[in-house]
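First to last, the sequence lines map onto chains X and C. Each step along the first sequence adds one to the number in our numbering, with nothing skipped, and position 20 is 48. Each step along the second sequence adds one to the number in our numbering, with nothing skipped, and position 42 is 43.
Rather than coming from a laboratory, the hints here were simulated on the basis of the structure. Just so you know, not all the hints are guaranteed correct.
[Said to hold, decoys possible] Restraint-style ranges between C-beta atoms, simulated for each label pair:
{"hint": "1", "chain 1": "X", "residue 1": "P74", "chain 2": "C", "residue 2": "L115", "range": "38 to 48 Å"}
{"hint": "2", "chain 1": "X", "residue 1": "L78", "chain 2": "C", "residue 2": "R126", "range": "37 to 47 Å"}
{"hint": "3", "chain 1": "C", "residue 1": "T60", "chain 2": "X", "residue 2": "I257", "range": "48 to 58 Å"}
{"hint": "4", "chain 1": "X", "residue 1": "D99", "chain 2": "C", "residue 2": "G310", "range": "47 to 57 Å"}
{"hint": "5", "chain 1": "C", "residue 1": "H65", "chain 2": "X", "residue 2": "P74", "range": "16 to 26 Å"}
{"hint": "6", "chain 1": "X", "residue 1": "I257", "chain 2": "C", "residue 2": "G282", "range": "45 to 55 Å"}
Note that the structure is predicted; figures quoted are calculated from it, not measured. Idealized CB from N, CA, C, for every residue including glycine.
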Amino acid sequence: MNVMSDPRRVFDPELRAALAVVGGVFPPTITPELIPFMRQSYASAPRADLLSGREIEIVDLLIPGPDGGIDASIISPTHASGPCGAVYLLHSGGMMFGDRFSGIDDALDWVEDLGVRVLTIEYRLAPEHPHPAPFNDCYAGLVWMADHADDLGIRPDRIVVGGASAGGGLAAAVTLAARDRNGPRIRGQLLDYPMLDDRPTPSTAIFDGIGVWDRVSNETGWAALLRSIRPVPTYAAPARSDDLGGLPPAFIDVGAAEIFRDEAVDYARGIWAAGGEAELHVWPGAFHACDIFAPHAGISRRMIAARRAWLRRMLVD
Amino acid sequence: MQELLGRLKALDPAASQSLRVIACFDELIVGDVGVHGLLSAAAALAGRPVCLARGTVVTRVDSHGGSMEPVGAPIHAHPVMDDVEVWIENPADETAELDAIILERLALALLIRLDTKRTSAVPPRDMTLLLERGSSATDRRDAAARLGLATNARYRIVVAPLFATWTRHPRGPEDVVATPFGPVHAAVVDIDAAPAASPVGIGSIAQVEEMDRSFRTAMIALRLHDGSSSETSRADDLGGLAEMLADLPDDRHDDGDQMAVEIIASHRWGAITIDALVRSGSVREAARIAHVHHSTMTDRVEIITDTLGFDPMSGIGRTRMNLAFLRWRLRTSRVLELVPTRNA
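Chain C with its partners taken away, still in its complex shape (with noise of 0.2 Å):
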């Protein structure tokens, strides 16, 4: 994993090392990982051997996993509880500050483990408080003062995958994020803070209480991003609908609309005739957009309209299809798992 980590750096220099360090302890810790799997994970991050001391029974973990014979521990170690302390071998100037990371989320990750006589599990970190749907008012207002946020001001929640480019880095708290599509970069920014990355979403404007409203807008944000541009997708562009899409229970499900589109997108043409007619007014400037013949257009719209089963140019059907296209591109949206390309 080290390896893939510098070969990250290769492809993005400014790909986020630590996030994706603090990501992968927060699945391990999740899955109830035991101390030889935390310890291989330590050891491939850091691409060094691992060392864990109980006491005077060392352990100790080469990069691919293997056991290795036990050393005795450095001047410095880092600690994880009494008498229990961890290390990576062989540290460096370059590598301090990874490994500084590593050591304390693999800590943390031990404690857990290893501490029988603690009863109350770890709490979750302030940012997962801050934006989880469940938390109270009082929890996020707490969360939000811990980060150092004013309890009656209003901000903004950015998103970004992991592997995100940063042109202009958020200033303001951030952290690893778990969501079903896999953990996401989480940022709290003032309301008219632009940051920029290749792919980011912006969410709307909320209360500290109801931040977890701009996080579930910037999601929906972020997988409309159409992942090569560095163009930056923001809630406040779809108003309601944002707000509106986030609170579906689950975009996977499919519905006769939103099958009808899969069908239409399963053209050559579909999704770029579809998005021409979503964003004009006529079946013209349709034609103008999608940069094809009047009479293609037509031809085009028509088998649109076979397949929905209604007429998406006119009243209620307009918003039909629309509805459909966005629920459509946010079930296929692939940003989350691809890094854009970098001519973009």
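Excised from the complex, chain X in its bound form (with noise of 0.2 Å):
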């Protein structure tokens, strides 16, 4: 067999060492039917094994949503002392799956090595619940998090709105409706390998049947949350926005090999026409969410180095 015709080339080296390990626990195509194994696959380890060793401590609240509660954690320094910067965290899992602790090892990090607050929330899921259902959600949860910003020790000066994949595009949204309804003041958005763009785009027919989140796996899950609903509308999909001035700072990193690379590099180039400030990361050889799958790679490193540095600039320093 021709190894050198393996379409996995494209991937860094540690990366494509790291899918011969993780292959199988998310594969690269995800249909409509796959939809209850990923639930169960991508669900996050359990409570005790997030917080071992870590100095945080995790508070779940019930917070009011558009329809009924929200549940929510407000995660904390344990030794947190007056108010302090936060993040708004909006968890991946293509708008379909994933719980508010999915991928959330390196928010833990902020949170212990920044001295920040995150308050995560469990946003309604598609298809069960499409647009607007997770979007409404997400804009509440952080309505609620900037009014009770004393009660929870946070800085309403310092809310970074961010999300990873289906997070990042639900953080742009959440950041453009703060905007256009004169809602809560932004301190930046942080925008991982975003979620941003219901049309295909170059790097989505590139990336095909390889890494983790192909093209089928992006139709499956803009099915899931447009359902029929025509035209799309901007909070549901950023990217159709024709108007991305007067937003907060952006930080927007996303892997050269996957196929939110193009509507990533947009997103950033339309803030710039705008006036506005983005700082652009696109990571040679990376997948989609590596640094969720090996934090270990070099690659992978690099791009949580730079998201942190971006972090204490925004919310430390």
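With the hints as a guide, dock the two chains, each given alone in a separate frame, to form the complex.
Quick look at the structure:
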């Protein structure tokens, strides 16, 4: 067999090695039939494992949502004193799976190392709850967080809205809405390989059937979220916004070897065109969410460090 | 990754953790990854810090790939080469088995990386020599002998994804082998052996000198496995077709018939209808297999005929559709990507 024809050659060698271990847990191609499997496979680790050896504490909350209460958790440094900066975190999982602790290891490090708090919420998931349910939950959570900043020990002028993948798309949407509705003041938007555009881009076509989250998975996610809503609303697919002006500073990171590459780059370009601030990192050889699946790999570490430095600047300095 | 290995074990207690470790280091070696990357991967797999001592200089890396303050070497460290050794911290009885494999593969990868005096490349492993198409008959016989096989006997190759669930594990030499679809688990078994796993592909019978043929047909069988059933997919059931499919230069390449099948398969009823037609002698029988009314099947056959541009129920048309359907199934196979569902 000709190993050179392996389409995985686009990935960084350390990440390719990690794929041999990850294989089968997060298949590249997710179709609607796989949603139940993914809900099991991508569920977060038990709470005790997340907390193990860390100087953090987690308090569970029930916050009011547009259609009933939303489960949420505020994660704080064990020895927090006085108000501190905070990240409003929206979890990953293609709009269809994951929970508020999925892929959260990096954010737990922010709490421990940067001394910030993290509020993470259990927004409703598609396909049972299509747009605007997930978005509405996320926006309601932000408003609640800002309104209760004092009680939560958070500086209201130091709230970053952030998320990865689907959570990145939701973070971008919540940031647009906060601007449009004169909502809470947002210090910055952290968009990790965000899911922004329901329309195909050149990179959607290139990375088909390999890595994590391919074209078909993306179509599955968007179909679940949008059903037949037309025209596609901006708060569902922020890339469709024709006004990216007046937004807080953005940090956008994305893999060079993933389908979201072009929409992430385009979003940064749109922000620049509107006179805004965006720090864009396109990581060579990186597949989608490589920092979650292979945090030890060199590229993942650089990605995590760049993000950390930006957060420090936004929330701590 | 250690967490992932643990999660894999939770999803599938019989998961071959050691094969994944071997596959991981195979990729690191092929990718020419540096010392820090090798130590990081080992630490991530072990979930504990890993150290490398070069003389008195110790490099210590945690499971997130971060550098740590060095510590002294333990009494038992794993040798790499003169004056160079590695170890995993905090060994325990329950980690001993996996630790040993991680250290062995790490040491090999480091040797390749560090031994600048070494002039020859590291030879491929015997299983790769046995199964690679380019190997000579002599190489294959020598590799077979080293693997403990009788060089005048006939065997079959069995292949499975690294995450396959084995209900009857193969008895015989086994290893990880690189393919264009990623690393697979390959084993040599007796011709009447009945290993069982979901999913698994069993290759045709071959002499040791032609073991690569059995491997290629096993890969075809595996990729035609439906991924969920516990049934074994056998190259024997395809006869000469398995070999022919295996020898097609690139099954990702579209031809007209295959493109037509792709269009048909985009209908909700498409793939099951072609499958029913392939396995039946008449439209009536196909309707029964697919559990639809005869008139429904007649309507579908009409659409299929229009899309293909020929009659799939007669003469060469049947062969063309069958072949295009097999190639479409190979091209869209996800058996190497997806853990089979538990209840299957």
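Results for each hint:
Checked against the hint of 38 to 48 Å, the C-beta distance between P74/X and L115/C comes to roughly 40 Å, which is consistent with it. For the pair L78/X and R126/C, the supplied restraint of 37 to 47 Å holds, since their beta-carbon distance comes to about 39 Å. Under the hint 48 to 58 Å, the C-beta atoms of T60/C and I257/X, about 55 Å apart, fit the expected range. At about 56 Å, the beta-carbon gap between D99/X and G310/C stays in the expected band of 47 to 57 Å.
Checked against the given bound of 16 to 26 Å, the beta carbons of H65/C and P74/X, roughly 20 Å apart, stay inside it. I257/X and G282/C have their C-beta atoms about 47 Å apart, which keeps the hinted 45 to 55 Å range intact.
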